[in-house]
Amino acid sequence: MAGLKHIDEYRDRRLVGNLTKKIGSELTRPWTIMEICGGQTHAIMKYSLLDLLPLEITMIHGPGCPVCVTSVELIEKAIVLARQENTILASFGDMLRVPGSTSDLLSTKAKGGNVRMVYSPLDAVRMAMEHPVKRVVFFAVGFETTAPAVALAVKQAAIRKLENFSVLVAHVLVPPAMKALLAAPENRIDGFLAAGHVCTVMGYEEYLPMAEEYKIPIVVTGFEPVDILLGILRTVQMLEKGRHGVENAYSRCVKKEGNAPARELLGEVFETCDRTWRGIGHIPGSGYRLRDKYRRFDAEHVFDLGGIKAEEPVQCISGEILTGIKKPTECPAYGKLCNPEKPLGAPMVSSEGACAAYYKYGK
Amino acid sequence: MCLAVPGKIISIDDSDPELRMARVKFGEIARDICIQWVNDLSEGDYIIAHIGTALSKIDEADAKATLEALHEMGEIDYDTNA
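Just so you know, the sequences run in chain order B and C. Residue numbers for the first sequence, in numbering that gives the first Met the number 0: 0 to 362. Residue numbers for the second sequence, in numbering that gives the first Met the number 0: 0 to 81.
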């Protein structure tokens, strides 16, 4: 992967060194900073940034792993759909190994369920066109970054008048979760690194009232080591000056207003709804569901999925992991009862899960 | 899930106005990516792509300015300036 423009420059050792020195030079006291996005958690672990940062900086890992926060109930619904006659359940690869309360989608496939991994929601639309006698359900997991592609797929299905395509919507929204973390009595977050790719779509205007209300710095941050350290530097500089507000440390990709056409499409296809986050609980206004105009593509409307309830496995402390209260290594099951081969909970499975990041990079 | 990667546009196909597509190169791999929501794209531009869709065009001038500033940061001796 050598010579990749817009990647290699942001993995430059010299720049990493410049930034860690600069962060150290600005510090007068300890600060606790949360990176929201699980992709950033993985980069922090992969590049050993915790070892490079000054001791005064404590990084805590946030709930930005959509696979991890998808409720057990929705996973059980997906499993029920995969077992239906003449039905194909399609989703992203990350979702397939996440345990529900009885099974997971990959085991369901091994036992004859029709489960397919796709790269893009449009692949599921194509699958529905190629298999007119099958009912194709796309299990739509993801934050605001992913939701536009799902909205596009639903719109394409409408344009093509498909009657055999539907979506099991599990979308979650970042700002309500950040507010829930800030409002929690155990909150110890001094500053946030906002998830850069969510902001490519949504922009960062919606963080301004939150930064004002909670007097906290929020810095839009990218995903390479140099990006992450730059986000931390900007956060530290604001904290040390006693300032709060929103800054953009990922300006090569993120504009204040985000991606207007994608936001317009989101507004046309989805409306906000309450959502239960796995391990965390009910967060008002933190999800998307299809608007009435597109209800015929809602799998919960097309199929009878009522009455499916599910329980979280008791040994998994994913709620405390996802809210940054505990590090993965503080979980009694970590690396013993729970590992990527035999995960008890979603954070050990996903490529964005904090437990998987710690395990993979040897913490 | 929010993984998005930079890629270079090789060619653009805007024959379907509801689904403008581009052939995009990510290192050695090329993929068809929907560019419906990103305007003013030309061959050779870099975009950030996520699950088959382009999220934004990479601002080359901004990227260059940020990198230059970060390189200059290394020329300052923080021990004496602290």
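Because the hints were derived from the structure by calculation, they are not lab data. Keep in mind that the hints are not guaranteed to be accurate.
Said to hold, decoys possible - Examples of chain C residues lying across from chain B (beta carbon under 10 Å, computed):
id, residue
1, I9
2, A29
3, Y45
4, H49
5, M72
It should be emphasised that the depicted structure is a prediction, and the values quoted were computed from it without experimental measurement. Don't be surprised by glycine CBs; every beta carbon is placed ideally from N, CA and C.
Verification of the supplied hints:
1. Taken as an interface hint, C:I9 does not check out: its beta carbon lies about 14 Å from the nearest beta carbon of chain B, beyond 10 Å.
2. For C:A29, the interface hint is violated, the least distance from its beta-carbon to any beta-carbon of chain B being 14 Å, above 10 Å.
3. For C:Y45, the shortest C-beta to C-beta distance to chain B is roughly 6 Å, which falls under 10 Å, so the interface hint holds.
4. Annotation: C:H49 was flagged as interfacial toward chain B, and the flag holds, the nearest CB pair being 6 Å apart, inside 10 Å.
5. Against a cut-off of 10 Å between C-beta atoms, the interface hint on C:M72 holds, since the closest Cβ of chain B lies about 4 Å away.
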